[in-house]
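Asks: Based on the provided sequences and hints, a complete structural model is requested.
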Amino acid sequence: MGKEIDIFSIVIKLKAIRILPVILLTITMSLILNSQAFAQDFGDSVFLYSRITVIVLLLVFSGAVLLYTKWAKAGKKLFIRKIAGVDAVEDAVGRATEMGKPVLFIPGIADVEDIETIAGIAILGRVARVTAQYDTPLRVPVRYPMVLAASQEVVEGAYAEMGKADSYDKDTVRYVAGEQFAFTATVNGMMMRERPAANIYMGGFFAESLLLAETGNAAGAIQIAGTARPEQLPFFVAACDFTLMGEELYAASSYLSHEPLLLGGLKGQDFVKVLIIISILIGTLLVTFDIGDWYTNLFDVP
Amino acid sequence: MRTTIPIIVAFLAGTLLIVSFFFNPEKIWIGDAKELALQWMTIVGGFALVLGVVSIVRVNARAVQRKSEGWFYKLMTVISVFAMAIPAIMPVTKESVGGSIFYSIFPESCMGYLGTGSNSFYDWLFNYVDAPMMETMFAMLAFYIASAAYRAFRARNTEATLLLLTAILVMLWRVPMGEAFLRLFSDNLPGYINTYVMGGFNVAVQRGIIIGAALGAASMSLRIILGIERTYMGK
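The listed protein sequences correspond, in order, to chains A and B. So that you can map any letter, position 192 of the first sequence is 192 in the working numbering, and since no number is skipped, the others follow by simple counting. So that you can map any letter, position 59 of the second sequence is 59 in the working numbering, and since no number is skipped, the others follow by simple counting.
By construction, these hints were calculated from the structure, which means they are not laboratory data. Heads up, a few of these hints could be off.
Unchecked claim - Taking lysine-lysine and the DSS-like style, the derived pairs with C-alpha atoms no more than 30 Å apart in a straight line are:
(1) A/Lys-170 <-> B/Lys-27
(2) B/Lys-67 <-> A/Lys-73
(3) B/Lys-67 <-> A/Lys-101
(4) A/Lys-164 <-> A/Lys-101
(5) A/Lys-77 <-> B/Lys-235
(6) A/Lys-82 <-> A/Lys-101
(7) A/Lys-70 <-> B/Lys-235
Stated by the list, open to error - So the derived label-pair ranges between C-beta atoms look like this:
(8) A/Asp-166 <-> B/Val-54: 21 to 31 Å
(9) A/Phe-79 <-> B/Val-81: 48 to 58 Å
(10) A/Leu-275 <-> B/Val-50: 42 to 52 Å
(11) B/Ala-131 <-> A/Val-46: 42 to 52 Å
Quick reminder that beta carbons are idealized off the backbone N, C-alpha and C, glycines included.
Replies: Quick look at the structure:
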């Protein structure tokens with residue numbers, strides 16, 4: 001077996017972390033380049049100078065994530081707060097195993113190009129490992145064929161990794177319907193007929209979120225939901241036992257993996273969040289004293 | 001190789017799309033890479049649809065074959081899949097090779113029922129079966145909201161009581177009769193609810209979640225592009 005490529009390792013070997021001082025220089029440059037006069041001069045150019053602030057933020061963000069990942073790789077202990085909803089996933093699968101009932105996992109109803117779906121599929125891989133370990137039946141209804149192909153691959157891989165390739169059923173992941181409410185009706189029917197002991201909703205959801213979660217609640221299942229859509233969160237909070245809000249959905253797969261390398265990324269993300277909070281406070285103060293126009297323009301990306 | 005190739009593809013595709021954001025799509029092809037990627041996605045998705053049809057037919061046909069509980073509904077599902085798909089892909093113009101065969105078999109007056117045009121069988125199924133069923137499912141949401149709200153708004157502790165009071169204020173503000181009731185106390189009261197509850201607390205919390213989610217999405221994308229996160233491949 002050939003050595004697996006890891007682009008992160010290549011970046012570290014190139015000592016790309018040393019670009020951090022460059023970031024400071026770029027921040028200064030962005031202040032100059034982002035000024036209205038400069039942007040207008042190059043308005044018709046190939047490179048969109050008006051978006052240079054994004055490059056600065058991208059470099060700061062990437063630098064922070066890579067730096068924390070490097071520290072994690074070096075063995076530095078990083079504190080990650082507990083996410084109750086993620087901890088509950090293993091308990092929910094355990095409950096289903098004890099009851100001899102299936103686990104229902106829905107990786108959202110968005111297509112595979114949506115990052116929420118990717119996050120959902122990543123969590124599905126972790127859940128499938130646990131269900132494979134305990135021989136618990138798993139049901140994964142999906143709305144898009146691309147999600148079907150990706151989910152099948154992940155679940156099959158998880159069963160193989162746990163040495164349970166023979167237990168893998170090709171119809172564990174099944175395409176249900178392309179229509180939003182046809183999908184909902186089928187899944188609701190599945191919940192009421194098969195009565196899964198645990199329902200896990202992870203990904204992008206829309207108006208069907210409450211229809212699914214309320215039916216699951218009525219069927220007596222333990223329910224864990226995760227979505228990054230704020231408009232659907234109240235529905236999940238009202239009808240589910242645990243809810244992963246926004247960023248927790250993206251953190252869940254890393255958190256479940258317990259791999260320090262992945263947890264490093266989460267710390268980097270937290271660091272940038274602190275920077276954003278500081279930026280908001282500075283902006284609030286500047287705008288309050290009516291001297292913040294230049295500052296708000298800095299973040300006005302067309 | 002099963003891991004290496006997807007990582008390289010993810011790195012190249014991710015980097016290309018990030019870079020494309022900074023270039024003018026009218027001046028250079030790279031600026032339009034997102035549109036190109038979406039077109040590719042649509043094409044690949046079209047082919048992947050076959051996988052979906054195979055999955056839905058296999059699962060339901062097995063249930064019909066075994067005459068398991070509700071087999072008749074599963075049979076209807078399979079029939080419905082083909083009833084909607086066949087007219088959509090069937091050639092019905094007189095000039096097309098396939099269409100000329102239909103014209104030679106059926107009288108011309110019946111040809112309007114084929115295809116996807118108005119008054120076709122497909123159109124009838126869509127307007128009188130598919131759309132009403134979807135609307136019925138959506139309409140049921142109102143009842144689900146009522147039952148979820150009843151549970152969420154029970155005043156079990158201080159937080160739930162605050163939630164209940166806020167919900168009452170917002171509901172009064174949103175319902176015309178409630179708004180009239182609020183105006184009995186002060187004409188400005190509905191405006192205050194709008195400004196402070198919806199435009200203040202609500203927007204602040206939503207923005208907090210949105211910023212966190214955006215950072216989470218960016219962090220996950222970065223981990224995928226750099227090959228650190230492989231969980232989406234089942235690794």
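Asks: Please go over all the hints and tell whether each is borne out by the structure.
Replies: A quick look at each hint next to the structure:
no.: 1; hint: A/Lys-170 <-> B/Lys-27; result: 48 Å, violated
no.: 2; hint: B/Lys-67 <-> A/Lys-73; result: 55 Å, violated
no.: 3; hint: B/Lys-67 <-> A/Lys-101; result: 22 Å, holds
no.: 4; hint: A/Lys-164 <-> A/Lys-101; result: 19 Å, holds
no.: 5; hint: A/Lys-77 <-> B/Lys-235; result: 23 Å, holds
no.: 6; hint: A/Lys-82 <-> A/Lys-101; result: 28 Å, holds
no.: 7; hint: A/Lys-70 <-> B/Lys-235; result: 20 Å, holds
no.: 8; hint: A/Asp-166 <-> B/Val-54: 21 to 31 Å; result: 22 Å, holds
no.: 9; hint: A/Phe-79 <-> B/Val-81: 48 to 58 Å; result: 51 Å, holds
no.: 10; hint: A/Leu-275 <-> B/Val-50: 42 to 52 Å; result: 47 Å, holds
no.: 11; hint: B/Ala-131 <-> A/Val-46: 42 to 52 Å; result: 47 Å, holds
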